[in-house]
Amino acid sequence: MFAHIFLYRFKCLIRDRQLVFWTLVFPILLGTFFYMAFFNLNNDETFHPIDAAVVNNHAYQHDAQFKFVIEHISKGKKRLFNLKVASTQKEADSWLKTNKVKGYFTNGETLRLTVQESGLEQSIMKRFADQYRTDSSAIKSIAKENPKALQNGLLSDLGKQQSYVKEISGGSAKPNNVLNYFYSLIAMACLYGSFWGMKEVTDIQADVSARAARVNIAPVHKLKAFIAGSMAALLILFSEILVLLAYLHFGLSIDFGPRTGYVVLTALLGSMLGVSFGAFISALVKKGEGLKVAILLVISMVGSFLSGMMFLNMKYIIAQYVPLLSWVNPVNLLTDAFYALYYYDSLHRYTLNMTMMVFFILLFCGGTYLIVRRRKYASL
Amino acid sequence: MIIHVKNLVKRYGDLVALDHLSLDIKEGEIFGLLGPNGSGKSTAINCILSLLNYDKGDVEIFGKKMTPDAYDLKRDIGIVMQNVAVFDELTVYENIDYFCGLYVRDRAERKRLVEEAVAFVELDQFRKFYPKKLSGGLLRRLNIACGIAHKPKLIILDEPTVAVDPQSRNKILEGIERLNAQGATIVYTSHYMEEVEQICSRIVIMDKGRIIASGTQEELKAMITLGEKITVEAFSIEEEQLHQLRELTGIVSVDHMDNRLVIKSDKGNNNLETVLEFLKSHQIGFGRIYSEMPTLNDVFLEITGKQLRD
Ligand SMILES: Nc1ncnc2c1ncn2[C@@H]1O[C@H](COP(=O)(O)OP(=O)(O)OP(=O)(O)O)[C@@H](O)[C@H]1O
Ligand SMILES: [Mg+2]
Chain F
82 MFAHIFLYRF
92 KCLIRDRQLV
102 FWTLVFPILL
112 GTFFYMAFFN
122 LNNDETFHPI
132 DAAVVNNHAY
142 QHDAQFKFVI
152 EHISKGKKRL
162 FNLKVASTQK
172 EADSWLKTNK
182 VKGYFTNGET
192 LRLTVQESGL
202 EQSIMKRFAD
212 QYRTDSSAIK
222 SIAKENPKAL
232 QNGLLSDLGK
242 QQSYVKEISG
252 GSAKPNNVLN
262 YFYSLIAMAC
272 LYGSFWGMKE
282 VTDIQADVSA
292 RAARVNIAPV
302 HKLKAFIAGS
312 MAALLILFSE
322 ILVLLAYLHF
332 GLSIDFGPRT
342 GYVVLTALLG
352 SMLGVSFGAF
362 ISALVKKGEG
372 LKVAILLVIS
382 MVGSFLSGMM
392 FLNMKYIIAQ
402 YVPLLSWVNP
412 VNLLTDAFYA
422 LYYYDSLHRY
432 TLNMTMMVFF
442 ILLFCGGTYL
452 IVRRRKYASL
Chain H
651 MIIHVKNLVK
661 RYGDLVALDH
671 LSLDIKEGEI
681 FGLLGPNGSG
691 KSTAINCILS
701 LLNYDKGDVE
711 IFGKKMTPDA
721 YDLKRDIGIV
731 MQNVAVFDEL
741 TVYENIDYFC
751 GLYVRDRAER
761 KRLVEEAVAF
771 VELDQFRKFY
781 PKKLSGGLLR
791 RLNIACGIAH
801 KPKLIILDEP
811 TVAVDPQSRN
821 KILEGIERLN
831 AQGATIVYTS
841 HYMEEVEQIC
851 SRIVIMDKGR
861 IIASGTQEEL
871 KAMITLGEKI
881 TVEAFSIEEE
891 QLHQLRELTG
901 IVSVDHMDNR
911 LVIKSDKGNN
921 NLETVLEFLK
931 SHQIGFGRIY
941 SEMPTLNDVF
951 LEITGKQLRD
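In order, the protein sequence lines correspond to chains F and H.
Under the numbering used here, the letters of the first sequence match residues 82 to 461, in that order.
Under the numbering used here, the letters of the second sequence match residues 651 to 960, in that order.
One thing to keep in mind: the hints can contain errors.
If you anchor each label on the Cβ, the simulated ranges turn out as follows [as the list claims (entries may be wrong)]:
#1 F:Val-409 <-> H:Lys-714: 47 to 55 Å
#2 H:Met-907 <-> F:Lys-367: 45 to 53 Å
#3 F:Trp-408 <-> H:Ala-813: 24 to 32 Å
#4 F:Gly-369 <-> H:Gly-833: 24 to 32 Å
#5 H:Glu-927 <-> F:Ala-291: 36 to 44 Å
#6 H:Leu-951 <-> F:Ala-375: 45 to 53 Å
#7 H:Ala-769 <-> F:Val-409: 51 to 59 Å
#8 F:Gly-342 <-> H:Asp-705: 52 to 60 Å
#9 F:Ala-291 <-> H:Val-659: 22 to 30 Å
#10 H:Met-907 <-> F:Ala-291: 22 to 30 Å
#11 H:Lys-714 <-> F:Leu-88: 29 to 37 Å
#12 F:Lys-367 <-> H:Gln-957: 46 to 54 Å
#13 H:Lys-715 <-> F:Ala-291: 20 to 28 Å
Just so you know, the hints here were simulated from the structure itself, not pulled from any lab data.
Computed from a prediction, not measured in an experiment: that's the story for all the values here.
Ideal placement from N, C-alpha and C gives every residue a C-beta, glycine not left out.
Please work from the sequences and hints to get the whole structure.
Right, dumping it as structure tokens:
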């Protein structure tokens, strides 16, 4: 009986195209949109190597290390620079003035960069110079001890155009902060999953739908039928969230840190939160499908907004001025759990978030139970 | 007794939807619950099924108290709701299979029953259709199949023919008679008196949550003073003659409108003959003439003073 109901509920849910759209396709589209917005995907695809020069002075000629690095990244199809070698500083300057190059490097005590204006290309050049300065001592010592290693990939990091383009074009937000948008996107998707919970309640409460009345009249324990259906809803939502995670991670290279097991656990708890939240709200608000949908949508959207999905600083503003709100906002709990998992080695903050979520899940499930267990209705 | 209801009272706030309703439904009958919109038919059914809670009264089905978890009773009951209650996401076959599966565990048995139900409502060529793609009549037939696939001993149908074309309606009514012939007890609610007259062996007429009359068709019609209704196409008749006609024994009322003479008589046997003789002897020319027996509508009209169908 349980299997029978589970199977048919699964069919009913998965064939609801609108719900599948809002809980799976929409978050994926939104994620792709975020990705394009934050990482300038278009720029990335049509990336043109930057016209840059290096002054062929004494320091340059004798710094085999730097010579190797800059030549290395100015080679090949995915090169970062179209490198020209200026015989004197003067020549480099004139190139810069006539806009033949966007900037030039001068090697000396440290690596210097000269640019005329600021822009994406100049920023990338600066990032490169900074990165080289930081890494150069390490590179030097490695090169001394194990010159092979240098060619086998150590340099590739330094020279990857994509990593520069991504980091720079993220705008004012630091790369780690951009992640928060994606984490809150997942949280939003989990909360959109509340519609699955709502559907389950609609189809089990006889005072909400005639279909449910028919199930109520059958010789089946109502709670058993409801649990079977909710399991189907949870399975679907959890799978959707896993698909979304996989897409973000493998398709858009969003980093979730190395603790995959915890990430999956968070997704599971998020799914439970979504389903139970939807079930609770729609059990509580008896009549009016429109009203229920509105409540679920508003809470999901406002929750996402407050956790920084549209405007990152919102999250910090809330955390600073109304900390309580960030602890009762389920979207924020989820977002923050992913964030804490990525950002901190200690699981302290993560555990705190997860505990709050468990508390909410228990609250929603308990509330739903108290309402759904009633088997006779005052009116239909 | 298949269903025994005693002094059922159900209130919605101030509105008394069921006012000390008592019913006894015997095995093997087609029991008709007739009443105008809002008379409390659906409320009565839902209280009997323990779906609605009620303020007072007892409900027994198959001789046992009916409660939400009286599963042994529920297993033998089939319900066809007034509102079509099927899942839009499931096909015709799947819908029937889903509901049948709530009653029947054995797979092979279930498959056989579902196939039978599909054939019974003649939806074989639509088995892969989703409800959205079915016409109103076909949808009603699916609604019925979902309620009866598990071969219940008691079948309750709440206005199963609302918004159905006459052809589909006849199919449905025939089907119900067949189910009854196969041994099921039927409870049938409707506000169409023709349907109830056509199939029900015993009828209860409800109004405002109360039973106003019950019995077989003949018994109900015997309850009222009205006998047959005679309609005559008469083109010219004088006021004086109408007056004389009214004086005749057995004649209750006479109306003349639009060249039609409507004569209502009491239960005597020779009313038509009396009228014919009167017309001939007064040399009143007439065209067609026909006589109707009273309908349940007349019964309702005489008891409540209003039409059954508004
Ligand atoms: N949920 C409710 N809340 C308040 N009043 C209700 C409710 N449901 C029904 N009623 C009232 O109870 C009375 C009986 O309604 P019910 O639906 O049982 O009538 P019915 O005989 O089935 O009518 P119909 O032929 O239209 O189906 C009506 O006056 C109706 O307005
Ligand atoms: Mg009704």
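Next item on the list: Could you check the structure against the hints above and give me the numbers of any it violates, in ascending order?
Entry: 3, 4, 5, 10, 12
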